[in-house]
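K.L.:
Given next are the chains, with one letter for each unit.
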Amino acid sequence: MEDLTWLSILGRAFAQFWPVWLALVVTFALSIRYKRHLGLYGKLMDSTVGLFGLWIVLFWVFTALFADLIITHDPLAQLSGLKNAAPGSPLTSGADDLYPYYLFGGDSRARDVFSRMVMGSRMVLQIAPAATIFAFMVGITLGLPAGYFGGKLDTLLSFLANLVLAFPVILLFYLLVTPEIVQTGIPMYFAAVLFVFPIIFFVVLFNSRFRTNPPRRNLLVAITLALGLWAYSGLAFNMDPLKYLIGSPVFSMDPNLLNVFVSVVFVNSPGVFRIVRGLVMDIKARDYVAAGQTRGESPWYIMLWEILPNARGPLIVDFCLRIGYTTILLGTLGFFGLGVSPESPDWGSTINDGRRLLSVYLHPAVVPALALMSLVLGLNLLADGLREESLKD
Amino acid sequence: MDNWDPSKPILEIENLSISFFTRAREIPAVMDFSCTVMPGEAMGLVGESGCGKSTVALGVMRDLGKTGRITGGAIRFKGRDLTTMSEEELRHLRGSEIAMIYQEPMASLNPAMKIGAQLAEVPMIHQGMSKQDAWALARQIVADVRLPDPDRIINAYPHQLSGGQQQRIVIAMALMSKPALLILDEPTTALDVTVEAGIVDLVKALGEKYGTSMLFISHNLGLVLDVCDRLCVMYSGEAVETGNVEQVFTEMRHPYTQALFRSIPLPGADKNARPLISIRGNFPLPHERPPGCNFGPRCDYFEAGRCDARDIAMDPVPGDRHASRCLKWTEIDWEAPPAARVAKEKLPMGEVVLKMEDLKKYYSVSTGAFGGGTTKVVKANETLSFEAREGETLAIVGESGCGKSTFAKVLMGLETATSGHIMLFDENVQSTPIEKRNTDTIAQVQMVFQNPFDTLNPSMTVGRQIIRALEIFGQGDSDADRHNRMLELLDLVKLPRAFAERMPRQLSGGQKQRVGIARAFAGGAKVVVADEPVSALDVSVQAAVTDLLMDIQRENRTTLLFISHDLSIVRYLSDRVMVMYLGHVVEMGTTDQVFAPPYHPYTEALLSAVPIADPHVERKRIVLEGEIPSAMNPPPGCPFQTRCRWKSQVPGGLCDTEMPPVQKLADGHQIKCHLSAEVLATMEPVIKVAAE
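If you're matching them up, the sequences are chains A and Y in order. Number 41 in this note's numbering belongs to position 41 of the first sequence; there are no gaps in the numbering. Number 590 in this note's numbering belongs to position 590 of the second sequence; there are no gaps in the numbering.
No lab work stands behind these hints: they were computed from the structure. As the structure is a prediction and not an experimental result, all values here were calculated from the model. Mixed in with the good hints, there may be bad ones.
No farther apart than 25 Å at their CA atoms in a straight line, the calculated lysine-lysine pairs in the BS3-like style are these [said to hold, decoys possible]:
id, chain 1, residue 1, chain 2, residue 2
1, A, Lys284, Y, Lys436
2, Y, Lys8, Y, Lys178
3, Y, Lys209, Y, Lys178
4, Y, Lys360, Y, Lys376
5, Y, Lys376, A, Lys152
6, Y, Lys379, Y, Lys360
7, Y, Lys526, Y, Lys436
8, A, Lys152, Y, Lys436
9, Y, Lys131, Y, Lys178
10, Y, Lys379, Y, Lys355
11, Y, Lys204, Y, Lys178
12, A, Lys43, Y, Lys688
So that you can see chain Y by itself, here it is in the shape it has in the complex (with noise of 0.2 Å):
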């Protein structure tokens, strides 16, 4: 190993291909990998799931199970072939040169063992450190991930610490042996945004500082432009661009990669003017992959006869190592605005028809084991009050403990309020639980849900499902008239009508999601509360989906409340944003006045802490401390008060004993912080688009 020369390639990838063996077939999972990794860089692999990314990091590791094989190519790694190494020296490999880190950081730890214990035993094993040694050295890079108090950090099991807290631990143990590569496979997909960002911070750091070259996989692109500095896209199961993360970003030279970035919303897309272009068509399954083109049946410049051919080798594009798996890269006018662009007009504002009036929902949780000990009042949703309109999108934003579901719980009768009124067209429906509630009620105020896979019953078909709605619903005559109205609703999602007969697992997520949708519109909702609705899908899904609802709403002039953490497709797609803290609403405005400074603290941390797969786009960085106070437990004071950075603004340390009003700054705009109407407006925004 000693005789690596550092100026070569610390990884190199060269035509890998990975299959999996099953019963039936043999399902080609990568195909013709290539990628080489230079020491101190940060790789990013970027694709929707199941194309291949993670296999190619379970292949670097050769960790591809019993029914994996790699069945062509070459891994080297400091110039040795991974591919033909036995277990034997695969074991010293693994955690001492290769580390990798998962999405999952609870399943990555042993809850049975304490952080240190977990942390020295690596270079225990695999350097023969001394015990002494080893936890001195656990200590220090408990220290280096930026973890408060080490020393208590190093004594605890993992479930005493948060779930940003537990992933710095996961990349702490990676580093513990100082690995050449780092694999990162979606590190914070599980995490909330503004965790994220200070995890994102760390990773770039620790990178930096310890020179070691990163494999970054991931499915949010504007991730991968802040930690890398190249990237793969990867589409099924091939590298489709490759290149240098500003040139890509800029200047791509594939269709897949085109079509992604004109599915994401950016900072300037408007439901409106300039909506986004979903790709058309799913994802081919493995072993029904299209000839020549994987992405041929879903591409805008298609060319039958050529594309569909033969199989299409990576073709290298002027620039940084910047190559592309496109036949027409050099025909196609990259610059020319999309053709499928329609502009859509805005809908007018109806008439209210849902009003909160200072809705509070509190918990009462026992402390003890047996019943006995203490009771603590946990307040889910405090003083909430909003109004929406007929036709409008509400989003309500906010991490996870905000009361945003909660929330949604009690407008739809699952709970009912401790006090407050909500005003449901002018009927009360507050403290009505859901049994009592007349079916028009019920029919009115609907819900989508986050998980597509959980979304519909697995043992019933789609069309039994929405049939059964629309039986409840007290929609339709005869079982003849409901099921064609069931129909009927599978045309309005955009479904083929074969589909009522399938039963939901052979569905993808994105049409299990349109069938939910179908279901909450078999009663004609007018106010359709939106759980994260697209969060679990794929960006290129997303687009369709969302489009979906906007059309729905367009048609029916529904109500949306759109509850959500993803700041971009809120951005996008509402009309007014409430911003949710600990249970408090902490701002509420249009949207343009809540992207816009003033900002409330909170608000400001959490538009930094988004990623914009955007170069043009300046963000000033704004990493909070600590972690989200326990609703259980919340601060005295301000609920922000502990990660607030605008604390020392305020005179009189008013923000640690009492809560602060609400201002109303513009019109609709309201703040609840203590701040001083001078101080708010020296804020400056955080994100600014350069001029192009």
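Here chain A stands alone, though its shape is the one from the complex (with noise of 0.2 Å):
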């Protein structure tokens, strides 16, 4: 067999990612219709900006839910004669079951570059918005008191925060990742630690709202702390009661993974700190936040539920900001080989073994840069549309 023309390569990809315009087209015609009751979201629809961010990320999202119908190969299979194969080269062996192309050609190790594309996609939004979300909380559980009360309470946490991030990140990753340290179990410590936070802030949410209305208060109150425990047990320490009793944990991580994700929560939560602290000292002195006070609300209650929801705005466009930085960290980590494993296809581990060889074959490094480079140019995109949608009325 010919090799497939550029045109063809092109056009065999574009038709091998049919689910995730399937899934765009239809995503899209329904936010269309319905733009006007979906507030910002809906009027994102308007910004010509932000509509080609929701794309760019959108397609990343479908991607990786739907990488296993896209990938043509296994993206950890080698097949004899395709290393270092140039993109659209046929496969030798004539097996008939396989996909008969190497899309975007093999890498060094035979191994299709297109499905590692894809599937690293999934390895990347895994991590990425789940650490963000960690980030926040722990951002915001102590962000909101130190705004609110001020004083060396405010002190003491904005020293910590200036701390971390005068910290250089590469080396504390390199820290946390060594085996020597990971053996002492600091990284545990560590995620003991920072998981407990999303715990308190729904413990607090609850508890402060329905302060007057006590079996409500206690049903919810209870449920989050069954919840949350029972996920704190198994990925923070691994040890979900169901592994004991029925054998196989619900909630569980690999070892690797709750390094990279601890190390990555860690560096992000200073920096949503200092701006939802920066924000919740605009905020507190409006006078429905005194209107809070004389009502003798407690302080809890006017942080969450007055302060907080008024503060959405500049969040949802950092939290999509930090989202694009999470996955440069992410990138940056595996390129290191600070990775999740050696053989995972996350991008920036497979854009580090294709590094070495960037003189003579390009494709193996660059499709997977540009895929990094293009949902990060997605996300800034987006909070660039959200911003300015935001500020319009």
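With the hints as a guide, bring the two chains together.
P.N.:
Pasting the structure below:
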């Protein structure tokens, strides 16, 4: 068989993404149809920049979701004769049940670059948003009281945040991921501390809101605690009670993944903390906050239900940007070999693998690099669009 | 420009229309607006927010931004049409021939440049003056705007000056190139009344001295009467009445102007015998204007089929260039007393519910950057004593920094008093912070806030916010019960029940303020602190909100503590008045006692500073010199001695050294002043209503 031309490579790649196109068309059709009822998201449909950003981001989200349908080969399988094969190379051994081409070529271990790139999106989109959400929980839970109460608490927390921000990030990662450090259990302690915050956040949220209605308050707090602690035991200590009861845990995290996850949350939280603190200091001077105070509301109710919802605009924008940073951070980690596992197809590791033969074979590194770039670009454009639209009336 | 004839109008606006173009639609902001300003004349533009008065000013400057466009008409300045002028030509005009003064002085000054440099820039750019001459001119103009010590001022940065001084500098800057036309957009709204009085006097004097024509934009009718020769009343993008100030004020010929005057508290208005009449309904949104007369739906003289049939043009009225945009002005009996006026019964006062004794609130402030430096004590409230009875309205009057907000905080329990007692229904709450107060006490003392745009949480529905207050005050047994009570509260503040599902941004300022009132009364409040509840609202809405507060007071026998700097409204609605200055109560008594001599010298100045929109009222002008001293660094002796005009009447320089004693004059009337009873007795009334 002949090598494919560039045009047919792109055509075949395009066809391979059919579930993504379908999902995108459905999503956008629905969004535009109902945009008047969708608040800020609906307004995004009027902004070209935001729409473009959203399009790219959703493209990768759907790619990650439907990765199993899109890939042409097993991302870990090595096929003979396709080591560093050029894009569009046909398979040499004529196995009938395999896709007949390596669309974007093969890498230095004769694996399919296209399938690895598609699978890599799954790795990135699993970790980056989750880690960012955790970072937000930590940052919000600490930033609210720091901004609201001020004084010594603020000085202390801000000092700690500056300390973390001032520490070189890469060095911190090396330290956290080094096997010797891992053996001392430090990452697990980090996880133990950081993973507590979401539980605190939700318990305080429900407690302050339903203080006047104890039965409902107790119910919600109990549910939060039960679910939270269950997930906590599994994620932070890998001791999901079900592991001992029925043998297979619901919540668990690969130790390598845990290290990366904890590190990303740890370095992102101080940034969120500072933004939240600043927003709170601004909003707490408003009359509706004073009205809450004169009504005898508890400080946490005011922080979580009066102040936080009104800080959401800048926080949503920051959330998008921060997922982008986290994606880059994960790429960097993978590039330095601090990634999830050596075999994994995440983009950072793949770029690093391709780097060695970059001057000869460009494609194994360029394809994941473009993927990484486009996702981050999409997130930044989306954040821009959101910011622009949230300012308009 | 030289061939311009000075007997012709300096500014002639003819059928001007301005629209803003948004994504959704074209929004007409100004329609068919005409006015003429003769040389040396001061023209007032009056109207409520959103009526398009600032848009006219920006249109004259051709500074309408990306979305605004002049869609019709002409603006002729000295005979040249501004609407067709190129950017280059406009640049020569702006700042040199036409100058503009904005509301917020700090925003008009460059904080990184010295005052002198900012002022000198103007003639250096427009007339190519040398730097030395320009600075000399700057110094002279600074002296002209009556700022003390001009040499120091021109070398200062804007933040080193007070708000009033900054506004004087902005005026000086506008005058640097001796403009032919000065546009003032609410120049004193951000300032205190006594400072405002000084600025107004200055603007008038400068207009006479330099012969500058003025376009004076304000929502304050009294101010316009003080400053302007002619005025133009605007409503919803149109001029509805224009003419000579005196004539429009006494013989108005448009129902909106009449309604506006009936809704503002002039001397003689009384909450029981002659209550204010609010304009019903709401200001129409620019894209929802009614057909025909814009004021139609809110007008008492509305005639269906005629007023809403077609667009109405300005119709000349006999008199000095007087015109009205009303079809029926010849038919209406303008002298007839308003029909809607219902006299109400005076509310008898009950038991003492709130009693303060020698309340003191001090703050300590450290001046060093790193916690070092000296610690200063700010005396925000000094020996405050008073009682308030059930059903009584006690007004607390004073300018910014007088300690009235601190007092409210202490009463609410957001701060605790340094010493003294606060007795609320025989319960001492003085040192009980709000967290330790029980629900009943909290529910009984509630507050209505000043800024309607800030008083409601923007991300919660109106109903939800009222229900939350009910929950917190332990009202109602179930969610359904509380929901019903919330609807009843909306009825109480005369809002439609459908508003429960609305978000605050869908409400107008007055409606938000009503929700704020409903929320304050959720727990059956007995004492309500109203912190300038209407000062941020438009005049026509003010009357309605004030009325509502008093109706609720009548029904619930609430004690109202009304904090305000607006003496007209205070005179209208309060039973007793307490005047504060720098943390001290300088005068207290019934409303009649405080508003008639003998006055405390500060009360006298305050009374004379408030503009009154009634040409029959004669007012003595007392303009206070200097600025309000900082509470961080109060003067020794009497706090008011730095600005007092009666100081020389006190023998032995007592004012400089000793805090004045509280003099008890008539029954319940007290004054904190060194002036002897004889001197006090010689005081003349500040406001005289001329016999009609």
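K.L.:
Does each hint hold? Answer for all of them.
P.N.:
Each hint tested on the structure:
A hinted pair counts as satisfied when its Cα atoms are at most 25 Å apart, and Lys284(A) with Lys436(Y) qualifies at roughly 21 Å. For the hint linking Lys8(Y) to Lys178(Y), the alpha-carbon distance of about 19 Å falls within 25 Å, and the restraint holds. Restraint check for Lys209(Y) and Lys178(Y): satisfied, since their Cα atoms lie roughly 11 Å apart, inside the 25 Å limit. A C-alpha spacing of about 16 Å is found between Lys360(Y) and Lys376(Y), which places the hinted pair at or below 25 Å, so the restraint holds.
For the given pair, Lys376(Y) sits about 20 Å from Lys152(A) by alpha-carbon distance, which is consistent with the 25 Å threshold. Among the hinted pairs, Lys379(Y) with Lys360(Y) is consistent with the structure: their alpha-carbon atoms are about 8 Å apart, no more than 25 Å. Pair hint Lys526(Y) plus Lys436(Y) holds up; C-alpha atoms about 19 Å apart against a cutoff of 25 Å. Between the alpha carbons of Lys152(A) and Lys436(Y) the distance comes to roughly 23 Å, so the proposed pair stays at or under 25 Å and holds.
Only pairs whose Cα atoms come within 25 Å are accepted, and Lys131(Y) paired with Lys178(Y) is accepted, the gap being roughly 17 Å. For the given pair, Lys379(Y) sits about 21 Å from Lys355(Y) by alpha-carbon distance, which is consistent with the 25 Å threshold. For the proposed pair Lys204(Y) and Lys178(Y), the alpha carbon gap of about 15 Å is at most 25 Å, so the pair holds. Taking the CA atoms of Lys43(A) and Lys688(Y), the gap is near 58 Å; set against the 25 Å cutoff, the hint is violated.
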